[in-house]
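Enquirer: Heads up: the protein sequence lines correspond to chains A and B, in order.
Start counting the first sequence at 1; every next residue gets the next number (this note's numbering).
Start counting the second sequence at 245; every next residue gets the next number (this note's numbering).
No incorrect hints appear here.
To give an idea of the interface, some chain A residues facing chain B are shown, with a C-beta separation under 7 Å as derived from the structure:
id	residue
1	Thr2
2	Ile5
3	Ala6
4	Asn9
5	Lys13
6	Arg84
7	Ala88
8	Gly91
9	Ile243
Some residues of chain A that are not near chain B, with every Cβ distance over 10 Å (derived):
id	residue
10	Ala34
11	Leu41
12	Val71
13	Leu108
14	Phe120
15	Phe130
16	Gln161
17	Pro170
18	Phe173
19	Leu184
20	Thr211
21	Ser227
Straight-line Cα separation of at most 25 Å, DSS-like style, residue types lysine-lysine; simulated pairs:
id	chain 1	residue 1	chain 2	residue 2
22	A	Lys13	B	Lys352
23	A	Lys241	B	Lys317
24	A	Lys12	B	Lys358
25	A	Lys13	B	Lys358
26	B	Lys358	B	Lys317
27	B	Lys352	A	Lys21
28	A	Lys13	B	Lys381
Source of the hints: derived by calculation from the structure; they are not laboratory data.
Beta carbons are placed, not taken as given, at the ideal position from N, Cα and C, and that holds for glycine.
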Amino acid sequence: MTTWIAFWNILKKDMRNYYLKPPNISWGIIFPVAWTLMVFLKSDGAMDIRGLLPGVMCLSVLFGTTSMLAVTITFERRSRSFERLLIAPIGLNFLMLAKTTGAIVFGLFNGFVPVVFALFMVELSGINWFLVLCGVFLIAVTSTFLGLFIAVSVSEVFEAQTFSNFFRFPMIFLCGLFIPVQILPVFLKPLSYIIPLTYGADILKTLINTTGHIGLPESFVVLTGFSVILFAVSTRNVKRKWIY
Amino acid sequence: MKILETHHLTKRYDCFTAVDGIDFTIHEGELFGLLGPNGAGKTTTINMLTGLARITAGSVKLKGFDCTRDITKAQSLMGIVPDESNLYEELDGFQNLCFCAALYGIPKRRRRQKAAELLDQFDLADARSKPFRAYSKGMKRKLTIAAGIIHAPKILFLDEPTTAIDVASARQIRQLIRSLNQTGTTILLTTHYIEEAERLCHRIAFLVGGKIVRLGTLSELMDEAQQENIIQFRLAGPVAQLELAVSREFPQFVTEISGDGIIRIKSQLPVNIMPFMRLFDRNNLDVYEAKIIRPSLEEVFVKVTGLEIAKMKQEKEKSKR
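Based on the provided sequences and hints, a complete structural model is requested.
Expert: If you want it as structure tokens, here you go:
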């Protein structure tokens with residue numbers, strides 16, 4: 001009970017202080033719209049919205065979670081308020097889960113903003129929305145833990161942003177959203193299979209457009225594996241670097 | 245009854261030893277001071293005790309819990325006020341206190357009530373709704389102390405609580421510390437202000453170069469440093485010719501006379517002042533004051549740490565050879 005009170009209050013504080021601030025809410029809305037417009041204009045209006053949806057959802061989740069988490073944790077670390085959490089009687093794993101849940105919720109919200117816009121423009125019937133929700137949730141969890149990994153690897157807020165892009169931009173082009181993985185050059189194909197977004201994008205492609213090629217169970221398992229590994233490495237880094 | 249016990253507590257960073265095998269015990273209700281210059285290892289010691297730094301060697305027991313094995317259990321018994329106020333800038337005073345209470349699992353109604361009480365007690369009720377970033381340094385410090393005690397800890401760690409704040413706020417904080425201790429909170433205070441340790445602490449440990457070089461009550465530390473008894477008289481009248489009379493009549497004492505009517509008598513043995521009073525009376529001198537001169541804690545500290553620094557230098561040179 002004691003730790004759940006702490007968990008809920010850390011989540012509530014983060015939501016109020018970071019994620020529900022007007023600039024971040026508007027980011028959550030503007031960012032997916034900008035991506036949609038960019039891809040739509042590039043395709044001379046030929047690309048269908050439904051075909052575009054998995055990609056925009058993935059990118060919204062990826063950018064929403066990694067940007068926010070990497071910055072907020074680094075910021076709290078710099079101001080030493082993170083130490084207040086480290087000295088509280090909460091296990092480190094539980095604490096890191098409390099700190100990341102806000103970003104996961106934010107990512108989930110970001111992921112469904114494009115769906116709300118798409119509902120006004122195209123027919124979205126025949127989609128298993130429960131599985132889509134599970135898929136977006138898993139993408140949000142993996143991306144958040146990637147953000148956590150970045151946050152504990154750097155010490156300055158600007159480093160967090162730079163380091164995030166080091167992971168994010170190659171992911172965008174290698175995960176099969178713009179260029180299908182099957183037609184990537186042979187030397188790039190292995191790379192696309194070691195990035196989590198490939199599996200997240202494939203889940204959404206399968207569920208929304210039936211164009212995925214990996215298979216739902218495999219993708220869910222691999223994404224869960226990525227989440228576990230990223231979380232374990234990040235908490236280990238916190239122990240090693242912050243409890244010095 | 246012991247509340248905290250360290251045994252050979254050590255912290256090493258690569259080849260640098262920040263804390264070098266220190267042993268001390270704190271008893272319930274005690275205000276224990278760790279006094280040392282900057283870089284002596286005070287903050288590192290607190291960090292090890294509170295779980296913010298890994299212990300290289302040795303052990304810490306808090307209320308019987310082995311902190312090296314299960315720091316989380318021990319953390320629920322501790323209140324910690326770090327050397328920098330580290331509450332949340334964007335939260336107001338009341339929200340900050342409620343949040344800190346929630347971290348210790350205090351239910352909502354209780355933490356709101358406790359936060360309001362503490363804001364009153366710390367004279368911060370008017371700043372209750374101000375964001376923390378708008379607080380002055382002294383107010384920030386007070387709120388950080390309030391956050392450290394909101395869960396009624398068994399022991400409070402105060403790391404340099406009055407550093408870098410104005411005199412009035414520092415005085416107010418010292419009063420708060422004293423009243424917290426008087427109401428039963430055990431406190432470990434680190435400071436480099438000697439007079440602060442002198443005014444507040446029941447027992448003091450001198451920490452130099454990561455080692456405890458002396459530990460004891462104020463009077464024990466003073467007694468150790470006091471190698472002679474000094475009595476000082478303040479007289480009115482012609483004192484200049486007195487030196488000769490005193491040294492003739494009391495050859496076993498060393499006499500020092502200064503121009504402003506002050507005469508100091510020094511001896512290895514306790515001094516009986518009555519023969520002196522009679523001598524002054526015979527010489528038509530009025531006595532306005534007679535007092536024992538004790539060394540200040542500062543003098544003791546300088547003396548002790550000076551010796552230890554010299555000793556450490558010698559040891560280093562020996563090991564180089």
